[in-house]
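Engineer: The listed protein sequences correspond, in order, to chains A and B. Read in UniProt numbering, the first sequence has 200 at position 200, and its numbers run on one by one without any break. Read in UniProt numbering, the second sequence has 84 at position 84, and its numbers run on one by one without any break.
Just so you know, these hints were derived from the structure itself, not from any lab. The beta carbon of each residue, even a glycine, is placed where N, CA and C say it ideally should be. This list has only true hints and no planted wrong ones.
FRET-style restraints, in silico, Cβ to Cβ:
id, chain 1, residue 1, chain 2, residue 2, range
1, B, Pro43, A, His28, 39 to 45 Å
2, A, Phe137, B, Glu135, 48 to 54 Å
3, B, Ala18, A, His57, 39 to 45 Å
Subject to a maximum C-alpha distance of 25 Å in a straight line, what follows is the list of computed DSS-like cross-link-like pairs (lysine-lysine):
id, chain 1, residue 1, chain 2, residue 2
4, A, Lys220, B, Lys51
5, B, Lys117, A, Lys383
6, B, Lys54, A, Lys220
7, A, Lys97, A, Lys244
8, A, Lys97, B, Lys99
9, B, Lys117, A, Lys48
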Amino acid sequence: MTANLLDEPELERDAKQVTWTLNFGPQHPATHTTLRLILELDGERIVKATPEIGYLHSGFEKLGEHLNYNQYVTIADRKNYISPPLNEVAWHHAVEKLLGIELTPRCQYIRVIIGELARISDHLLCTGAAALDLGAFTAFLYAFNLREQIYDVYEEMSGYRFHPGYTRVGGVLYDFNDRVLDKVRRVLDSFPKVYSDMSKLLFRNRIFLDRVRGVGVLTKEDAISMSVTGPLARASGVAYDLRKDEPYLAYPDFDFEVPYCTEGDCWARFIVRMEEMKQSHSILTQALKRLPGGPVNLPIAEKLSAPDKLTTYNSMEGLIQHFELIMPNRGFTTPREEIYAAIESPNGELGYYLVADGSEFAWRVRTRPPSFIHFAVFPHIIKDHLIADVVAVLGSLNIIAAELDR
Amino acid sequence: MSSTTETLADPHAATLRALAREFGEGVFTTSRFRDNLRLFVPPARLLDLLKFLKQRCGLNLLAELGGADYLGYPGRSRERFEVHYVLRNLDTSEKLVVKVGVSDPDPTLPSAYPLWKGADWMEREVFDMFGIRFEGHPDLRRILMPEEFAAFPLRKDYPLRGRGERHNFPRLSRGES
Chain A
1 MTANLLDEPE LERDAKQVTW TLNFGPQHPA THTTLRLILE LDGERIVKAT PEIGYLHSGF
61 EKLGEHLNYN QYVTIADRKN YISPPLNEVA WHHAVEKLLG IELTPRCQYI RVIIGELARI
121 SDHLLCTGAA ALDLGAFTAF LYAFNLREQI YDVYEEMSGY RFHPGYTRVG GVLYDFNDRV
181 LDKVRRVLDS FPKVYSDMSK LLFRNRIFLD RVRGVGVLTK EDAISMSVTG PLARASGVAY
241 DLRKDEPYLA YPDFDFEVPY CTEGDCWARF IVRMEEMKQS HSILTQALKR LPGGPVNLPI
301 AEKLSAPDKL TTYNSMEGLI QHFELIMPNR GFTTPREEIY AAIESPNGEL GYYLVADGSE
361 FAWRVRTRPP SFIHFAVFPH IIKDHLIADV VAVLGSLNII AAELDR
Chain B
1 MSSTTETLAD PHAATLRALA REFGEGVFTT SRFRDNLRLF VPPARLLDLL KFLKQRCGLN
61 LLAELGGADY LGYPGRSRER FEVHYVLRNL DTSEKLVVKV GVSDPDPTLP SAYPLWKGAD
121 WMEREVFDMF GIRFEGHPDL RRILMPEEFA AFPLRKDYPL RGRGERHNFP RLSRGES
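In isolation and in its complexed conformation, chain A is listed as follows (with noise of 0.2 Å):
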């Protein structure tokens, strides 16, 4: 009679269509900021899965349209606080190609190293949240050991642990000093042993490895369409590299592969975020060794970066154009133009669309983020998973909520 009952064809229809909803996040622990996903399931299997980017409504672009090319740096380092010099980088990076500008060599060097050392901490960040994620608690106490000598380094540079504010229109803040110097080298001689002991915890571990492998497969065509770039990209095939492809700063300077996978899946994003922390690691080690000496910011002459204390304290020119820069409505003007310009962030291409009117506000921020194009892949990748593999995935698209917000 059971048996009956289960070759019933319509039966067995009805059963088939019978999905539940879960809404997976915001309080999720693996959810690790805002991130809510509705998951439409068929007992454990994934039917759909539809993110809610849920409401942050910080204004992001709308307060670029009030805040001057200076202090907006300050709001692009809220944008991805996993890794905020490397914001600032890109912000500022936008606004020197609009008005033309180019650093010095030294403040090159400075803001490659401040952005390779926002790389590795973003994603050791990365990797070892998501191993977290998957049981792997050890492994994430190692990378974020390093995050913090990482963050001794922002300390010394500017005063400032978590939200530097480093970069200025034209050059930085504060020039780097012999400490500064230290503490890099300090994370850089602690990398390896890092390294070696994350992968030994990791590359072999049977769990982990189950979890990751042939999840969440992701290929190039479709990486492609869906404007995928950065680690996601590269781990599907897509050997796409901004520092190497529309090189930018001091990058021509330096020899560095672009780590690809072609696998597209968990698995693969997770080793492309190991490789590339080497290879930013031997970024920083040549940099160090070359380092130019020389100014950091442009010549008061220029009118457009801030001069430093020594000179706004001791010579009527210097003090003449701090305040200049720092008054309302003075300050250097702009072309009436637009510019599209983009670095390679951690997670991607962090484009900045920028449309400058001549005053010292921008009429229009437009922000490319990464996460946010990120985000819409999920539900394509996760469908047919099951619910611990929405952990995995979403631990490798390595997702920032404040950078899904405008």
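Once you have looked at the hints, place chain B on chain A.
Structural biologist: Coordinates of chain B only, in the frame set by chain A:
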């Protein structure tokens, strides 16, 4: 490594030649600023141009899509809104910007979704922030603001501090809930 003549040559030369052959004169205008090459195209020809750029010129990655409101922009005579599409060629590193203008009262553009799935969320965002509709988009809903929100916050005539939306929510006491 590439010789100096190659690096000095215009990276867009081949694309511009192909475009001139296909579209002839008068369909779009070009302008350059720093390393950006921009093509201004009327909405009616937008999809033709994007399709041609993607399929024939190898600009296969839609790197960025966004909008801007030029209401009150000094010396402005073109349409109120402009939407930009940044396309990249993954093989040659070529990059160009396609711009299209659109105006009130019912700003509508064709959707780029049939060409790139990545346009899905980016177009929804432009719709949410500026109220520009994309025809042919499979699921044009608000993405950042709540469904019942009536205004478009990144328009220039929307005030920085909002219109009191945050303060006009009904308040429930514990007893009423």
